[in-house]
Amino acid sequence: MPNEIIEGVLEAIYLIFTLNPEVWGIIEVSFRVSLTSTFLAALVSLPIGSFIGLREFRGKRFLSNLINTFMGFPPVVMGLIVFLLLSAGGIFGSLGLLYSTTAMIIAQFLLAVPIIIGTGKAAIESVDPALKETVLSLGANERQLWWELIKHSKKSIIAGFLVAFGQAISEVGAVMIVGGNIRWATRTFTTSIVLQTRMGEFGMAIALGIILISIAFILNYGLTRLQGGDK
Amino acid sequence: MSLLEIKNLSKDFYKKDGTVISVLSGINLSINKGETFVIIGPNGSGKTTLLRILGLLESPTQGEIRYLGKDITNLSRKEKTLYRRKLSFVRQKPLVRDASVFENIAYGLKVRGMKYKQHKHLVDEMIESVGLSGMENKNARTLSGGEMQRVVIAMNFIITPEIYLLDEVSANLDPMNIKILDSFIYKIKQDKEKTIILSTHDRYEAIRLADRIAVLNQGKINQINSPSVIFQSPKDEFTAYFVGYENIFSGNARVDPTSNLNQIKINDLVITASDKKEGKVKVCIHPQSIILAKNPPQNVSSLNLFKGKVDEIRDLGNIIHVIIKTNSERFLVSVTKVSQQKLGIKYGTEVYINFKATDVKIL
Numbered sequence: 001m002p003n004e005i006i007e008g009v010l011e012a013i014y015l016i017f018t019l020n021p022e023v024w025g026i027i028e029v030s031f032r033v034s035l036t037s038t039f040l041a042a043l044v045s046l047p048i049g050s051f052i053g054l055r056e057f058r059g060k061r062f063l064s065n066l067i068n069t070f071m072g073f074p075p076v077v078m079g080l081i082v083f084l085l086l087s088a089g090g091i092f093g094s095l096g097l098l099y100s101t102t103a104m105i106i107a108q109f110l111l112a113v114p115i116i117i118g119t120g121k122a123a124i125e126s127v128d129p130a131l132k133e134t135v136l137s138l139g140a141n142e143r144q145l146w147w148e149l150i151k152h153s154k155k156s157i158i159a160g161f162l163v164a165f166g167q168a169i170s171e172v173g174a175v176m177i178v179g180g181n182i183r184w185a186t187r188t189f190t191t192s193i194v195l196q197t198r199m200g201e202f203g204m205a206i207a208l209g210i211i212l213i214s215i216a217f218i219l220n221y222g223l224t225r226l227q228g229g230d231k
Numbered sequence: 232m233s234l235l236e237i238k239n240l241s242k243d244f245y246k247k248d249g250t251v252i253s254v255l256s257g258i259n260l261s262i263n264k265g266e267t268f269v270i271i272g273p274n275g276s277g278k279t280t281l282l283r284i285l286g287l288l289e290s291p292t293q294g295e296i297r298y299l300g301k302d303i304t305n306l307s308r309k310e311k312t313l314y315r316r317k318l319s320f321v322r323q324k325p326l327v328r329d330a331s332v333f334e335n336i337a338y339g340l341k342v343r344g345m346k347y348k349q350h351k352h353l354v355d356e357m358i359e360s361v362g363l364s365g366m367e368n369k370n371a372r373t374l375s376g377g378e379m380q381r382v383v384i385a386m387n388f389i390i391t392p393e394i395y396l397l398d399e400v401s402a403n404l405d406p407m408n409i410k411i412l413d414s415f416i417y418k419i420k421q422d423k424e425k426t427i428i429l430s431t432h433d434r435y436e437a438i439r440l441a442d443r444i445a446v447l448n449q450g451k452i453n454q455i456n457s458p459s460v461i462f463q464s465p466k467d468e469f470t471a472y473f474v475g476y477e478n479i480f481s482g483n484a485r486v487d488p489t490s491n492l493n494q495i496k497i498n499d500l501v502i503t504a505s506d507k508k509e510g511k512v513k514v515c516i517h518p519q520s521i522i523l524a525k526n527p528p529q530n531v532s533s534l535n536l537f538k539g540k541v542d543e544i545r546d547l548g549n550i551i552h553v554i555i556k557t558n559s560e561r562f563l564v565s566v567t568k569v570s571q572q573k574l575g576i577k578y579g580t581e582v583y584i585n586f587k588a589t590d591v592k593i594l
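Sequence order for the protein chains is A and B. At position 64 of the first sequence (counting the first as 1) the number is 64 in the numbering used here, and the numbers step up by one without a gap. At position 69 of the second sequence (counting the first as 1) the number is 300 in the numbering used here, and the numbers step up by one without a gap.
The set of hints was computed from the structure by calculation and includes no laboratory data. As the structure is a computational prediction, the values presented were derived from the model and not from experiment. Keep in mind that a hint or two might mislead.
[Unchecked claim] Which chain A residues face chain B? A few, computed with CB under 8 angstroms, are given here:
no., residue
1, G8
2, A130
3, E133
4, T134
5, L136
6, S137
7, L138
8, Q144
9, I150
10, H152
11, S156
12, G203
[Stated by the list, open to error] Straight-line distance between alpha carbons at most 16 angstroms, and here's what the computed EDC-like set of lysine to aspartate or glutamate pairs gives:
no., chain 1, residue 1, chain 2, residue 2
13, B, K451, B, E468
14, A, K155, B, E334
15, B, K420, B, D405
16, B, K508, B, E477
17, B, K423, B, E266
18, A, K151, B, E334
19, B, K309, A, E142
20, A, K154, B, D499
21, B, K341, A, E142
22, B, K425, B, D405
23, A, K154, A, E125
24, B, K577, B, D546
25, A, K132, B, D329
26, B, K311, A, D128
27, B, K418, B, E393
28, B, K507, B, D487
29, A, K155, A, E133
30, A, K151, B, D329
31, A, K132, B, E289
32, B, K324, A, E7
33, B, K311, A, E125
34, B, K418, B, D433
35, B, K324, A, D128
36, B, K507, B, E378
37, B, K324, B, E378
38, B, K538, B, D487
39, B, K311, B, E295
40, B, K511, B, E468
No residue lacks a Cβ here, since even glycine has one placed at the ideal position from N, Cα and C.
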């Protein structure tokens with residue numbers, strides 16, 4: 001076993017530094033899927049989350065609990081739901097999207113939406129209430145207040161995007177189910193690692209693992225930088 | 232019609248453990264256009280909450296607020312913004328946005344739809360008048376406390392609203408900024424279209440600025456009147472003490488039929504007053520109404536003359552507060568530093584205090 005590991009690590013380094021086309025294909029698919037899903041989720045969720053954070057209304061606490069629950073939604077269950085919707089017998093079966101990157105984007109999008117709504121809401125709510133009142137008493141309307149609060153909490157909001165992206169790129173259950181782990185097409189870091197490990201191809205698995213951990217490290221570094229400087 | 236009217240207003244806060252704190256109750260007042268209305272009261276009396284309600288930053292638990300006769304207690308978001316744009320609210324603690332000095336000061340004009348070209352010269356003028364020239368592009372949050380206060384003054388006064396809500400604004404200001412603030416307030420006071428509602432715990436500030444004063448204590452209004460009336464005839468003990476009647480004693484009053492003057496017995500002391508209220512009363516004497524003498528004064532008209540010893544001396548700069556102990560009571564007398572030195576008043580000095588029967592307020 002130790003031999004296999006050493007061999008695996010050496011092969012991993014070789015694969016990374018020779019720019020192995022399959023490794024690059026996997027990187028490309030992973031990033032395309034996760035970036036697209038996070039971007040679309042941000043577009044939809046930030047207005048919703050910030051609006052919930054801005055207003056006080058009846059049932060807000062219930063809604064917040066609901067959002068928090070969905071923030072930790074099991075990806076594999078989301079995969080199952082999207083699979084059922086997109087499979088031949090499902091409501092959207094006729095679109096023929098199953099086992100495509102679009103299906104993966106949909107699944108990751110649905111996972112990212114509550115995360116960005118939740119973090120966006122929390123970001124807006126964490127702004128000093130005295131600032132809200134100052135802005136209001138200077139004559140700002142609700143839209144102007146909203147924009148001011150977004151500007152003030154932009155670091156926390158971006159941190160939310162990073163968290164969502166980090167979850168998406170390291171998630172395995174949903175993309176495995178709806179993407180099908182098809183080589184050169186829907187294979188990502190995570191699904192590939194699962195497969196290679198099962199087949200005993202540790203070199204490839206370790207190479208992808210190293211890249212994935214590096215991404216996680218960079219994201220976390222960015223997060224700490226953001227949070228450290230957040231006022 | 233009054234500009235602002237508050238009818239039977241109360242405000243309760245609900246704590247997490249279920250207890251209710253009544254911050255304001257049974258508030259009735261009306262504020263006229265063009266006047267400077269000062270709400271005076273100690274910390275925790277509800278001044279800030281009252282101003283916040285007038286600024287629509289807080290909703291009352293009960294009661295209503297009227298602006299020019301129109302009920303504005305429950306407005307829609309849009310209407311609230313329109314009302315808020317008629318006023319500026321200067322908070323007790325200075326708070327600036329995370330933006331440049333220029334942008335902070337321009338903000339109120341910008342949200343009212345004024346373009347950069349239209350407001351640039353106004354903002355520049357304002358920056359100059361608060362002495363922040365050259366700091367336009369600095370982030371306002373990096374300024375010193377005093378400079379930040381000036382940004383706050385500038386950003387609230389540049390709006391030139393109908394109503395100025397000033398919440399204990401001078402409490403945290405240094406003397407130089409108080410001067411800047413006062414110059415703005417005096418300018419606004421001259422404009423009869425503008426109304427100032429100011430809260431303070433400083434009685435001197437209240438006398439200096441107010442057309443009318445409301446005395447607020449524990450969420451209730453004790454008295455509303457012009458400063459001269461409130462200072463000359465406070466309605467209750469709290470108001471009396473708050474406006475400076477620091478000598479307040481409890482006693483029994485009875486009008487003497489021969490002299491037709493009120494005699495109030497306070498322990499060993501009998502104070503004579505022209506005020507005719509009888510029975511259990513409070514006697515209030517302002518420290519400035521009491522005259523201090525080293526030798527028994529002769530041929531004086533004042534009916535109250537007591538001997539005592541100096542028990543304490545509080546140096547307040549130009550003014551000295553001297554505590555005189557008679558047999559049973561302690562009197563606070565305020566004298567100038569010059570007369571303290573001239574009389575040679577020290578701890579333990581034997582002195583005589585005297586005051587006129589007409590200077591004794593009976594409550």
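Outcome of the hint check:
At its closest, the beta carbon of A:G8 sits 50 angstroms from a beta carbon of chain B; the interface hint therefore is violated under the 8 angstroms criterion. Here the hint on A:A130 is kept, as its CB sits about 5 angstroms from the closest CB of chain B, short of 8 angstroms. For A:E133, the interface hint holds, the least distance from its beta-carbon to any beta-carbon of chain B being 5 angstroms, beneath 8 angstroms. Given the 8 angstroms rule on beta carbons, the hint for A:T134 holds: about 5 angstroms separates it from the nearest Cβ of chain B.
With a least beta-carbon distance of about 6 angstroms to chain B, the hint placing A:L136 at the interface is held under the 8 angstroms criterion. Interface restraint check: A:S137 against chain B, minimum CB-CB distance 4 angstroms, threshold 8 angstroms, status holds. Taking 8 angstroms as the C-beta contact cut-off toward chain B, the hint placing A:L138 at the interface holds, the least distance being around 4 angstroms. At its closest, the beta carbon of A:Q144 sits 5 angstroms from a beta carbon of chain B; the interface hint therefore holds under the 8 angstroms criterion.
Of the supplied interface hints, the one on A:I150 is violated, with its beta-carbon coming no nearer than about 12 angstroms to a beta-carbon of chain B, more than 8 angstroms. At its closest, the beta carbon of A:H152 sits 6 angstroms from a beta carbon of chain B; the interface hint therefore holds under the 8 angstroms criterion. Using the Cβ-Cβ criterion of 8 angstroms, the hint placing A:S156 at the interface with chain B is not satisfied: the shortest such distance is roughly 13 angstroms. Residue-level restraint check for A:G203 is violated (minimum Cβ-Cβ distance to chain B is 50 angstroms; threshold 8 angstroms).
Taken as a hint, the B:K451 and B:E468 pair is honoured in the structure, with Cα atoms around 14 angstroms apart against an allowance of 16 angstroms. Taken as a hint, the A:K155 and B:E334 pair is broken in the structure, with Cα atoms around 20 angstroms apart against an allowance of 16 angstroms. The straight-line distance between the Cα atoms of B:K420 and B:D405 is roughly 22 angstroms, outside the 16 angstroms bound, and the hint therefore fails. For the hint pairing B:K508 with B:E477, the CA-to-CA distance comes to about 20 angstroms; that exceeds 16 angstroms, so the pair is violated.
Proposed proximity of B:K423 and B:E266 is supported: the alpha carbons are some 7 angstroms apart, at most 16 angstroms. A hinted pair counts as satisfied when its Cα atoms are at most 16 angstroms apart, and A:K151 with B:E334 qualifies at roughly 14 angstroms. At most 16 angstroms may separate the alpha-carbon atoms for a hinted pair to count; B:K309 and A:E142 meet this at roughly 8 angstroms. Between A:K154 and B:D499 the CA atoms are separated by roughly 72 angstroms; this puts the pair beyond 16 angstroms, and the hint is violated.
Straight-line distance between C-alpha atoms of B:K341 and A:E142 comes to about 14 angstroms, which keeps the hinted pair within the 16 angstroms bound. For the hint pairing B:K425 with B:D405, the CA-to-CA distance comes to about 26 angstroms; that exceeds 16 angstroms, so the pair is violated. For the suggested pair A:K154 and A:E125, the alpha carbons sit about 12 angstroms apart, so the restraint of at most 16 angstroms is met. Restraint check for B:K577 and B:D546: satisfied, since their Cα atoms lie roughly 12 angstroms apart, inside the 16 angstroms limit.
Among the hinted pairs, A:K132 with B:D329 is consistent with the structure: their alpha-carbon atoms are about 12 angstroms apart, no more than 16 angstroms. Restraint check: the Cα-Cα separation between B:K311 and A:D128 comes to about 21 angstroms, which exceeds 16 angstroms; the hinted pair is violated. Simply put, B:K418 and B:E393 have alpha-carbon atoms about 14 angstroms apart, close enough for the 16 angstroms limit, and the pair holds. Straight-line distance between C-alpha atoms of B:K507 and B:D487 comes to about 10 angstroms, which keeps the hinted pair within the 16 angstroms bound.
In summary, the hint linking A:K155 to A:E133 is not supported, as the alpha carbons are separated by about 21 angstroms, beyond the 16 angstroms threshold. Between A:K151 and B:D329, the direct Cα distance comes to roughly 9 angstroms. Compliance with the 16 angstroms bound is thereby established for this hinted pair. Between A:K132 and B:E289, the direct Cα distance comes to roughly 13 angstroms. Compliance with the 16 angstroms bound is thereby established for this hinted pair. For the hint linking B:K324 to A:E7, the alpha-carbon distance of about 65 angstroms lies beyond 16 angstroms, and the restraint is violated.
For the hint pairing B:K311 with A:E125, the CA-to-CA distance comes to about 21 angstroms; that exceeds 16 angstroms, so the pair is violated. Taking the CA atoms of B:K418 and B:D433, the gap is about 21 angstroms. The hint is violated against a cut of 16 angstroms. Our distance criterion of 16 angstroms between C-alpha atoms is met by B:K324 and A:D128, whose separation comes to about 13 angstroms. Note on B:K507 and B:E378: the hinted pairing is violated, with a Cα-Cα distance of about 54 angstroms set against a maximum of 16 angstroms.
For the proposed pair B:K324 and B:E378, the alpha carbon gap of about 13 angstroms is at most 16 angstroms, so the pair holds. At most 16 angstroms may separate the alpha-carbon atoms for a hinted pair to count; B:K538 and B:D487 exceed this at roughly 23 angstroms. Proximity of B:K311 to B:E295 is assessed by CA-CA distance (about 15 angstroms); at most 16 angstroms being required, the pair is judged to hold. With a C-alpha separation of about 13 angstroms, the suggested pairing of B:K511 with B:E468 holds against the 16 angstroms cut-off.
Hint check: violations occur at hints 1, 9, 11, 12, 14, 15, 16, 20, 22, 26, 29, 32, 33, 34, 36 and 38; the rest are consistent with the structure.
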